[in-house]
Amino acid sequence: MQRRDLLKAAAGAGILAAPRLAGAAGARVLRFVPQANFANLDPVWGTQYVVRNASLLVWDTLYGLDSGLVPRPQMCEGHERSDDGLSWDFRLRAGLRFHDGEPVRARDVVASLNRWMARDAMGQVLKARLDALEAVDDVRFRFRLRAPFPKLLLALAKPMPNLAAIMPERVAATDPFKQIGDYIGSGPMVFRRDEWVPGSRVVFARFDGYVPRSEPSDWLAGGKRMLVDRVEWQIIPDPGTAAAALQNGEIDWWETPIPDLVPLLRQSPGVRVDIADPLGNVGLLRFNHLYPPFNDVRARQAVAMVMNQADEMHAVVGSDDALWRPMPSVFTPGTPLYTEAGGEILKGPRDYTAAKARLAASGYNGEKVVMLVATDLAITKGQSDVTADILTRLGMNVDYVATDWGTVGARRAKQDPPAKGGWNIFHTWLAGLDCALPATNIALRTNGPKAWFGWPSSEEIQGLITRWYDAPDARVEHDVAAALNRAALDFLPYVPTGFFLGYQAWRADLTGIVKAPFPVFWGVGRG
Amino acid sequence: MLGYIVRRVLATIPVMGVVALFVFSLLYLAPGDPAAIIAGDQASPEQIALIRASLGLDRPFLVRFGEWAWRIAHGDLGTSIFTNLPVGHMIAQRIEPTLSLMLLTLVVSLLIAVPLGVLAAARQGSLVDRGVMLFAVLGFSTPVFVIGYVLAYVFALRLDWFPVQGYVPLAGGFWPFLRALILPAATLGGIYIALIARITRASMLEVLSQDYIRTARAKGLGRGAVLFVHALKNAAVPIVTVVGLGVALLIGGAVVTESVFAIPGLGRLTVDAILRRDYPVIQGVVLLFSFAYVVINLLVDLLYTVFDPRIRY
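Protein chains in written order, with the working numbering: chain A, 46 to 572; chain B, 1034 to 1346.
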């Protein structure tokens, strides 16, 4: 018997347990198991999704993205843009207060955005076009730009890390490369630092001074109405234990049940299971563009020609075909910019003969291909095993370096030659939300030394990303996206290995659970 | 005796110094970069370098070690890179669950294992003896997480006697505290019971073959008095030794048990810190464990004199 089978058996036993309604007596408490350990709470300094998810409870944003990926006013009443697009005036809505009772003022906004722009990639593009960001009075602030920036609202609204969260001016004055020590926000929940046990428990209490918008809630847009008094995050590292705790009514909501346990949870009385995030995740194979063989586009194309996304995705999600789909695209399926233009290299039967000829033309002569494999993450391990097989069948000499994610994270940042501590290939995945837009897909950037690990260099792709930033309307954005997809799947800064979804599970007496790229706590209550 | 204790306590200082140097060097040489983990995927190399500098990770080894050692000498374990909380505070938050788990395990294990070992020795070769030895072999060879899952399946999910996971502080009431710890302690105790039962049996068998035991029986002493007063006290030295050495086993087992039962103890703190390369936390916890181990060995040495008056220091 393997550990995974035992884990299933232990979790499955919960089916036999008498169904009980979850809930702490007397108090409206929501007990939630997040996707990962929670180590800090700074939406600018911390880039992990779990930090972002907690930050969304504590801090509010000026604009919020809705489920159609449209930025909507959140802390702002609205804005006025000058005809030449060089001046944007914003006004804060009434009733905004920080958790210490102080009103939110325009100078808090200015300080917060300055800190955010120093760290966030989209913020840095904005900063490069910025002439001045100034508080006009307590409730109004203004961007004065040197060049138009049509994606300003998107930059302020995007929930992808780093988050443009609004903090008190004194907190926002913290060096952007250092952690804040004061967790005062103006969001619907207050972070209870006194109850925080890192790695075990995080508590948020409802902020009575929060005034939600009047519109219906839609992801980060609309009214954020909290129906519970407390949200308690419990870190349960073992999935079998989390499943059993959910079945036993000891927790209410589990953000990321592993696919192995989902069939058992589905059969369990009192438990509901559904897709968590409709935008899912995108697997990817990243090349190091600095060294042979993948500094030659023909070697990269040879790999893409034999890449089998079905095999890659089965290794990630198992046999549940509802959880994955092919994506001959660098954009997330189901999002407005999705296109398969130029995606032929990832479609149809895999042709090893042609791929071998392409690889030979690149000059590859049996050199070692150093593949970094984080074996502690099932998603990277599964993809890597499949890719190692196809590379071997392609005739490549694969050096499979099995290690942990912490080591991969450090080694992939090294620009040394592969034989001297560097690397050729690694696998990871990005949130589908991140890959919905050229601005937030870090793997798509090809600005050489400033690009993401692998450091690809393509003026064509960079130029197209800039054109998307400048696109005045959706029609132009679609045209640019098609050109970008063609260019990216020809140049191949990376190879998308497929699109995959994940589940969430919760006690049946909970109401208001929505599908989103992050847990939406407002609107969740008990039936 | 007092002089011996003072000498032993003083001897822990160079031992801890060597441990500190070893731990610091090991982490310095280990692959991984907390700055890269903090910076996240979107960071540029320049941003990672800035974070590394802000954490002081770009300074030479000796400078970092010197500063760290100086702080340790002043009782300051430093600040966690990730949580920005003092390491001492994080350890204080986590020490109660781990201590409670280990103490309960130790007490329950001794109460079960020693009588089992005595019984097995007293009835050597019988079914009881073989049953105890079978239990010991199973307990020693079954992975801790398997025992944990099986116990959770039977006693939490099927019978609903105990919670599946979590920890209730002693301040939350004795029964809730005990109820949350029974399954983890039973899980962790399996390997410890097996170890102590085997040693007790072996040690008792040796003592029971001694002349003075035959003499005690010849005097007409009852079976219980012979076994538990005369034999067990003389068999205690190896048992105490194994109990002390077994603390290391408990620490290792606690890491797994705390994960399976979601107990917020030092074991999980250590694992989380290692995965994130949170150097100050790793260094602080390893130092603490090392110190505890040194102290326990000292206590074991002192206990020898209680069980065997011939031993003098």
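These are calculated hints, taken from the structure and not from any lab test. Fair warning: this is a prediction, and the values are worked out from it, not measured in the lab. Glycine included, every Cβ here is placed at the ideal spot set by N, Cα and C. It cannot be assumed that every hint is accurate.
As the list claims (entries may be wrong) - If you anchor each label on the Cβ, the simulated ranges turn out as follows:
(1) A:P381 <-> B:I1215: 50 to 56 Å
(2) B:F1094 <-> A:R189: 45 to 51 Å
(3) B:F1173 <-> A:D220: 49 to 55 Å
(4) B:L1171 <-> A:A464: 17 to 23 Å
As the list claims (entries may be wrong) - In silico SDA-like cross-links for lysine to any residue, where the CA-CA straight-line distance does not exceed 25 Å:
(5) A:K465 <-> B:S1077
(6) A:K223 <-> B:V1201
(7) A:K495 <-> A:A484
(8) A:K223 <-> B:R1085
(9) A:K459 <-> B:R1085
A quick look at each hint next to the structure:
1. At about 55 Å, the CB distance of A:P381 to B:I1215 agrees with the hint of 50 to 56 Å.
2. The beta-carbon spacing between B:F1094 and A:R189, approximately 48 Å, falls within the hinted interval of 45 to 51 Å.
3. The supplied range of 49 to 55 Å is met by B:F1173 and A:D220, whose beta-carbon atoms lie about 53 Å from each other.
4. Here the CB-CB span from B:L1171 to A:A464 is close to 49 Å, at odds with the stated 17 to 23 Å.
5. Distance hint between A:K465 and B:S1077 is fulfilled; the C-alpha atoms sit about 22 Å from each other, no more than 25 Å.
6. Between A:K223 and B:V1201 the CA atoms are separated by roughly 34 Å; this puts the pair beyond 25 Å, and the hint is violated.
7. For the suggested pair A:K495 and A:A484, the alpha carbons sit about 14 Å apart, so the restraint of at most 25 Å is met.
8. In summary, the hint linking A:K223 to B:R1085 is supported, as the alpha carbons are separated by about 10 Å, within the 25 Å threshold.
9. Restraint check: the Cα-Cα separation between A:K459 and B:R1085 comes to about 14 Å, which is no more than 25 Å; the hinted pair holds.
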